[in-house]
Amino acid sequence: MKEETATPTRAPEPVALASGAALRFHAVTHRYGAHVALDDLHLEVARGETVALLGPNGAGKTTMISLLLGLLHPSAGDVEVLDTSPHAAVAGGRVGAMLQTGSGSGLPPGVTVRAALRLVRSLYRHPAPFDVTVERAGIAPFLSRQTHRLSGGQAQRVRFAIAIAGNPDLVFLDEPTAAMDVAGRRSFWGMIRQFGREGRTTVFATHHLQEADRVADRVVVVNHGRLVADGPGATLKAAVAARHVQFVCDAPDEKQLDSLEGVTDVEVRGRGVRLDSLDADATVRALVEHQIAFSDLEVKGVGLEEAFVALTGPGRAAG
Amino acid sequence: MIQLLAFGRFEVVRLLRSWKFLLITVGFPVVFYMLFLDDRSAGKVIAGTVPWRMYLMVSMCSFGALVASLTAAGARLSTERASGWARQLRITPIPAWSYVATKIAASMLVILPVIVLVEIVGAAFGGVELPFSRWVELAALLWVTSLPFAVLGVFIGFLVNAETAFPVVTALMFVLGYFGGLFTPVANMPGALRTAARILPSYHHAGLGLALLDGHSLGVEHWLVLAGYVAALGFGVVVKHRIEEARGIA
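Chains A and B supply the protein sequences, listed in that same order.
The first sequence begins at 1 in my numbering and counts up one residue at a time.
The second sequence begins at 1 in my numbering and counts up one residue at a time.
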């Protein structure tokens, strides 16, 4: 994933209106003490894209977002946001974000939702109209509620409203649906998609493959601080569909098994066989057709980590 | 600038809306003052020329300013940092220092009515009689010189977390109050404690007020120590803020 693009002609000033890049990581490394959180990362996101940062916990997603917001400074390399520094983009009110808040609500205690939103709007020079923000985030029903009386999902919506209140060109959402139930998630992602249709750039971090696939135009997979895969959601579908097909077989023929439909990897341990398959149904059918005598058949979905491996192809596994 | 004013207004409104906070902040020094008032000691004069009743009123002004600072900024700031709100503010266009500056300003705003209220109690029940201009001077002097308390409150807010805030704030209130000679005149303390008092801002804060009422010049030492506290604590706030920034926390 080393895209050596016709790189940084270094826009002298943020004049260019739609000059392309919403954000750019150039050879970015970030360390926390001895721990390397990001390792020589290159990434460019064009304006108007909706991009998912996908990866397990600790992959480096939050570090990326913190760098993009100027909350952290890279140990090495350059981070650019809207053709300027992250700090300048934030100070110019062009960026909004929903951060991870751990156990906290991320909202000011002791005020109503309305007051909190009004305040945030007043901090920007060209905020979005109040009513538009309220409607977009779907927070009308609890505008008069005190911020500490909100449910997890409601607080999350209010934080989204706060993220978009300043009418930003670019929005970062760090695990935005963490506290939501299934229905809440669905309507939340509907909002994000709507937001993306207005030509804004949205970058969100998640560890839900399905969410990434459904919402984003482009999915960037990170693991161990490196970019593991980058492409449209469709590429991911295959990975999501990846299954383990396990069974016991008296005389497993590795070569034959490897040639079966859908199989990407074969592991044989004594009589135990494990196949990685992108199409479990087809693989099982093929087993039958080839008259391979198997017993104790089991088909299992793969975890996220393994899905990454499937994504990046055999051999390039561990990051 | 408009943005900063909006933020300041928001902070103050939020502070004034929380009645529990106001009750503690304003009520505590007043109740304390009332408890200390008793007829037997009314005529006493402590070390030199200051009547007991004046000493008591000035001390309670200082104590009130201290309590207000520690509760207004200290305890609340730690809660806000824990909730993630402080971090959310950092990704809005207002500059990073404005958060700290607004907190200090809000504390100062709460301190003023506390001082005035203690003065009113002093005039009504404490047997303190002063010309009107003196009342105003005293309030102004004690208010302006409360700045080190306000900065201390913010510093503590950065230092403690939501769980440790309460014990730390309470302990500081009484340590600075007692050893600063706000409950018992420093002159009545043993020698070692008398020396110790002179390094505490509470002692010098009240000292300025007493000097004013006593007709003394407002000693340079008082000003120097208080200014030193503002500088040192301000530096502490900046350093702590930077550290948290570097870690991406605050």
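Just to be clear, a hint being listed does not mean it is correct.
Claimed, not checked - With the Cβ distance kept under 8 Å, some of the chain B side facing chain A (calculated, not the full set):
id	residue
1	82
2	133
3	135
Stated by the list, open to error - Label-pair restraints from in silico Cβ distances:
id	chain 1	residue 1	chain 2	residue 2	range
4	B	105	A	126	25 to 33 Å
5	A	32	B	223	39 to 47 Å
6	A	76	B	171	19 to 27 Å
7	B	105	A	149	23 to 31 Å
It should be emphasised that the hints constitute simulated quantities derived from the structure, not laboratory data.
Each residue gets a CB set at the ideal place from its N, CA and C atoms; glycine is no exception.
Consistency of the hints with the structure:
1. 82: This interface hint holds because 5 Å falls under the 8 Å limit.
2. 133: 38 Å, violated
3. 135: Since the shortest Cβ distance to chain A is 33 Å, the answer is violated.
4. B:105 x A:126: 25 to 33 Å: 27 Å, holds
5. A:32 x B:223: 39 to 47 Å: 44 Å, holds
6. A:76 x B:171: 19 to 27 Å: This hint is violated: roughly 44 Å between Cβ atoms.
7. B:105 x A:149: 23 to 31 Å: Cβ of residue 105 (chain B) to Cβ of residue 149 (chain A): about 28 Å, so the range 23 to 31 Å holds.
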